[in-house]
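Chemist: My request is simple: use the sequences and hints to build the entire structure.
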Amino acid sequence: MARLRTFDLIAFSLVCFVGVYTGTQFFEPIVIDRLEKDGNLRKDIEIPQYDEEGNPLNPKSMLELRQELSKVQEQKEAERIANNGSKSS
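Using this note's numbering, read the sequence shown as starting at 5 and increasing by one per residue.
Treat the hints loosely; a few may be bogus.
Computed list of lysine to aspartate or glutamate pairs in DMTMM-like fashion (alpha-carbon distance at most 20 Å, straight line) [as the list claims (entries may be wrong)]:
#1 K47 - D37
#2 K41 - E57
#3 K75 - D48
#4 K41 - E56
#5 K47 - E32
#6 K80 - E57
#7 K47 - E57
#8 K75 - E50
Here are the computed distance ranges between Cβ atoms for each label pair [claimed, not checked]:
#9 L8 - L45: 43 to 49 Å
#10 Y54 - Q79: 25 to 31 Å
#11 N59 - N87: 40 to 46 Å
#12 Q77 - V24: 20 to 26 Å
#13 C20 - V76: 26 to 32 Å
#14 Q77 - E56: 17 to 23 Å
#15 E83 - G58: 34 to 40 Å
#16 T10 - P60: 35 to 41 Å
#17 S17 - E72: 26 to 32 Å
#18 N59 - R7: 38 to 44 Å
#19 L45 - Q79: 21 to 27 Å
#20 G43 - Q71: 28 to 34 Å
It should be emphasised that the hints constitute simulated quantities derived from the structure, not laboratory data.
Beta carbons are placed, not taken as given, at the ideal position from N, Cα and C, and that holds for glycine.
Modeler: So, in structure tokens, the structure goes:
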């Protein structure tokens with residue numbers, strides 16, 4: 005009985021994850037286009053560009069995303085070290 009519940013929980017979680025992921029991939033170009041038309045699109049962050057079918061013009065590879073994440077982690081670590089050093093003095 006416990007195996008069946010575990011399987012049900014895993015299957016339900018997988019379906020929810022896939023649903024949310026595909027929903028965001030579908031609606032992202034639509035939301036960006038609407039915000040741009042309304043003039044409410046932020047200019048201080050990089051917004052991905054999409055073609056008329058909603059496909060990204062230059063999708064990022066996993067390697068590029070990993071490098072960006074590493075840079076952010078290094079910056080936060082440097083800030084943390086700087087903050088700890090200034091508190092000790």
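Chemist: Compare the structure with each hint and give your call.
Modeler: Each hint, compared with the structure:
Restraint check for K47 and D37: satisfied, since their Cα atoms lie roughly 14 Å apart, inside the 20 Å limit. Of the pairs offered as hints, the one joining K41 and E57 holds, with about 17 Å between alpha carbons and a cut-off of 20 Å not exceeded. Pair hint K75 plus D48 holds up; C-alpha atoms about 19 Å apart against a cutoff of 20 Å. Restraint check: the Cα-Cα separation between K41 and E56 comes to about 15 Å, which is no more than 20 Å; the hinted pair holds.
Between the alpha carbons of K47 and E32 the distance comes to roughly 17 Å, so the proposed pair stays at or under 20 Å and holds. The hinted pair formed by K80 and E57 fails the criterion: a straight-line CA distance of about 37 Å is larger than 20 Å. Between K47 and E57 the CA atoms are separated by roughly 23 Å; this puts the pair beyond 20 Å, and the hint is violated. Of the supplied pair hints, the one linking K75 and E50 holds, its CA atoms being roughly 16 Å apart against a limit of 20 Å.
The hint said 43 to 49 Å for the Cβ distance between L8 and L45, and at roughly 48 Å that hint holds. Restraint check, Y54 to Q79: a C-beta distance of roughly 29 Å satisfies the suggested window 25 to 31 Å. Distance hint check for N59 and N87: the Cβ-Cβ separation is about 42 Å, which falls inside the suggested range of 40 to 46 Å. A C-beta distance of roughly 25 Å is found between Q77 and V24, which places it inside the suggested range of 20 to 26 Å.
Evaluation of the 26 to 32 Å hint for C20 and V76 yields a pass: the beta carbon distance comes to about 27 Å. For the pair Q77 and E56, the beta carbons lie near 36 Å from each other, so the given range of 17 to 23 Å is not met. A hinted range of 34 to 40 Å holds for the C-beta pair E83 and G58, which are about 37 Å apart. Between T10 and P60 the Cβ separation comes to about 37 Å, which falls inside the hinted range of 35 to 41 Å.
Between S17 and E72 the Cβ separation comes to about 27 Å, which falls inside the hinted range of 26 to 32 Å. A C-beta distance of roughly 41 Å is found between N59 and R7, which places it inside the suggested range of 38 to 44 Å. Taken as a hint, the range 21 to 27 Å holds for the pair L45 and Q79, whose Cβ atoms sit roughly 26 Å apart. In this structure, G43 and Q71 meet the distance hint of 28 to 34 Å, their C-beta atoms being roughly 33 Å apart.
The structure does not agree with the numbered hints 6, 7 and 14 stated previously, though it agrees with the rest.
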